[in-house]
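Q: Let the hints inform the model, and build the full structure from the sequences given.
There are 2 protein chains.
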Amino acid sequence: MKTLNVDLGERTYPIHIGHGLIDSTLLRSAIKGRQLLLVTNETVAALYLDRVLSNLTMFEVATVILPDGEDHKNIETLDMIFSEALTQRFSRNVTMVALGGGVVGDIVGFAAATYQRGTDFLQIPTTLLSQVDSSVGGKTGVNHRLGKNMIGAFHQPIAVFNDIDVLETLPAREMSAGIAEVIKYGLLGDVAFLSWIEDHLDELMGKECSALSKAIEHSCKIKAEIVARDERESGVRALLNLGHTFGHAIEAHLGYRGCLHGEAVGTGMVLAARVSGIMGLLSESDVTRTVSICQRANLPVRPPKGMTPNDFLEHMAVDKKNIDGRLRLVLMRSLGEAYIEDQAPMAILDDVFQACCH
Amino acid sequence: MKTLNVDLGERTYPIHIGHGLIDSTLLRSAIKGRQLLLVTNETVAALYLDRVLSNLTMFEVATVILPDGEDHKNIETLDMIFSEALTQRFSRNVTMVALGGGVVGDIVGFAAATYQRGTDFLQIPTTLLSQVDSSVGGKTGVNHRLGKNMIGAFHQPIAVFNDIDVLETLPAREMSAGIAEVIKYGLLGDVAFLSWIEDHLDELMGKECSALSKAIEHSCKIKAEIVARDERESGVRALLNLGHTFGHAIEAHLGYRGCLHGEAVGTGMVLAARVSGIMGLLSESDVTRTVSICQRANLPVRPPKGMTPNDFLEHMAVDKKNIDGRLRLVLMRSLGEAYIEDQAPMAILDDVFQACCH
Chain A
1 MKTLNVDLGE RTYPIHIGHG LIDSTLLRSA IKGRQLLLVT NETVAALYLD RVLSNLTMFE
61 VATVILPDGE DHKNIETLDM IFSEALTQRF SRNVTMVALG GGVVGDIVGF AAATYQRGTD
121 FLQIPTTLLS QVDSSVGGKT GVNHRLGKNM IGAFHQPIAV FNDIDVLETL PAREMSAGIA
181 EVIKYGLLGD VAFLSWIEDH LDELMGKECS ALSKAIEHSC KIKAEIVARD ERESGVRALL
241 NLGHTFGHAI EAHLGYRGCL HGEAVGTGMV LAARVSGIMG LLSESDVTRT VSICQRANLP
301 VRPPKGMTPN DFLEHMAVDK KNIDGRLRLV LMRSLGEAYI EDQAPMAILD DVFQACCH
Chain B
1 MKTLNVDLGE RTYPIHIGHG LIDSTLLRSA IKGRQLLLVT NETVAALYLD RVLSNLTMFE
61 VATVILPDGE DHKNIETLDM IFSEALTQRF SRNVTMVALG GGVVGDIVGF AAATYQRGTD
121 FLQIPTTLLS QVDSSVGGKT GVNHRLGKNM IGAFHQPIAV FNDIDVLETL PAREMSAGIA
181 EVIKYGLLGD VAFLSWIEDH LDELMGKECS ALSKAIEHSC KIKAEIVARD ERESGVRALL
241 NLGHTFGHAI EAHLGYRGCL HGEAVGTGMV LAARVSGIMG LLSESDVTRT VSICQRANLP
301 VRPPKGMTPN DFLEHMAVDK KNIDGRLRLV LMRSLGEAYI EDQAPMAILD DVFQACCH
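Sequences listed follow chains A and B, in order.
For the first sequence, our numbering assigns the number 1 to the initial residue and increments by one for each residue that follows.
For the second sequence, our numbering assigns the number 1 to the initial residue and increments by one for each residue that follows.
Be aware that one or more of the hints could be misleading.
To be verified - Chain A is nowhere near these chain B residues, computed Cβ spacing over 10 Å in every case:
id : residue
1  : Thr12
2  : Thr57
3  : Glu168
4  : His200
5  : Leu239
6  : Met279
7  : Leu313
Claimed, not checked - So, partial list: chain B residues that the calculated Cβ filter (under 8 Å) puts toward chain A:
id : residue
8  : Tyr115
9  : Gln116
10 : Met150
11 : Ala317
Derived from the structure by calculation, the hints contain no laboratory data.
Heads up, the beta-carbon is just placed ideally off N, CA and C, and yes, glycines get one too.
A: Here it is in structure tokens:
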């Protein structure tokens, strides 16, 4: 087992990466109070709920099973958690445990941020994407019908348990979505890691343990370092949104259905690379390299059929990374070096959309 | 004009107390961005909205007018704010301005805490109660159908403008409710201030400016000092809940209708004094003194007709100040010295309820 710390002063917390963590005494010992609210979704409950519960019998545990999927990441689903906690008369000393992927983690984290003005929150991410991305850094929240992730809070977990064993049951499509975020770390901050991913992509796709372990650890490390420098995204943390402004537009266009977050980010990274290319920052071979690694990871490298350049612009205008209406994008100066472009030229964006939309 | 600082490190903010503040350049200059979301309620809008708006013409302002009253302090009303902000495509650099009493402040503060994971928040409290209490300390939130203030966050404002002039239009009953919280500061931490209130109660009830100004300033000062020592209520801040556990039970019993928060707190302080009396902490004359000042302030000193001892116990069991099921109360060691009693004897509580309920 490896342990990384996300260094945030009094909010510092450990990320454990290893085998058998959901059955471990380490998991039990991370919980301070007596009351536990364990939240998962229908899919994960069928696979892992009993095992996790059997490790937590010494606590007063209540369970909430949410419907599965991004389209349930809303205030109504959030209220299922509040209602159960209040029905159980749980105090502010309850620990909320998120057992599931990014959607479960985001909802439960926000419930923990706001139930009685803040309770402890522990994460057991069950997808590769949530292990490498959404479990690090304390972004929590739900979607609003007028925009993705528009309602939320920064609320750091007390610990994250990245159990590699639970990825065994993860569908191939979700593995690809997770690998999209792993690729993102290479593209935004570490070209040597990008090369390593290219060399080990088949092992990652095949869930080979040592490759997975290294990919998760290195991804969490890159993210943890950035988050430690800028917890509340006033600056450098925005680099983590490489591919996300485009990706959010794709997800919003599709009504958060039919496309995984990581898939949208995959397409978004390709679009960011193409914009960076036309702006003369990336060479043609760098752009091709970006497209190629995403393709090898079975990620969609073009926007969904029927999505128009106008659809992109419309959805990007409400993206929360805009400052007062200017179009702000994360682009690449070179592979492994992302930067924040505050004045992305609309003409180039339009060229890229025209070329890629179909 | 007087200015107090609530000393919270990087979250330190000023409370300004004086005349004509809603028309002042100081108000304008406290706002950093261009976008403003001004939120008020129907009652206050009719009195002050135009005046405040005419002071803010240099900003891009949108307005939300909420329905008036505690029974609208819920997630549905909160969503009116999110929807307007998103419809206006306001970024996370928007400043949310709360123009109203405690309910408006709590809802808008929570909207600001959670819109795009946190925006600036400025308060213009228009009731005495919100000027002396809810505008200090960053507690924000909404009620849940299963419990009062159960969903919320700590989110400090960037500034508070306590304009004494706006109290001119405040109904007498709301003045009394505000005076309840002023009395609370005397009872919990400053017996000399309690004596001062007794000496100046008629001036306060009559809205005499210099008495009001002193009462507001001294109340904010006491609260600010406590909040500075314990921002997130892990200890001493709980003293501010003197009278509140009983008060919340009364409000919950009444379905948050027909009783103002300050009135419920008035009754709650009397009950806390009676419990402290039976426990041998307060003398009979101290208890009488507490009852008498509340009576002189036109506050109800007995629970609402028909509310039973059982009603109290039922509603107090979900109060969020309980730790793991033990009954925690704020009581008084002496007048001017509150303390936290973790093991309040149920028999004494029952005696007091039996004696007071009618």
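Q: Checked against the structure, which of the hints given earlier come out wrong?
A: Violated: none.
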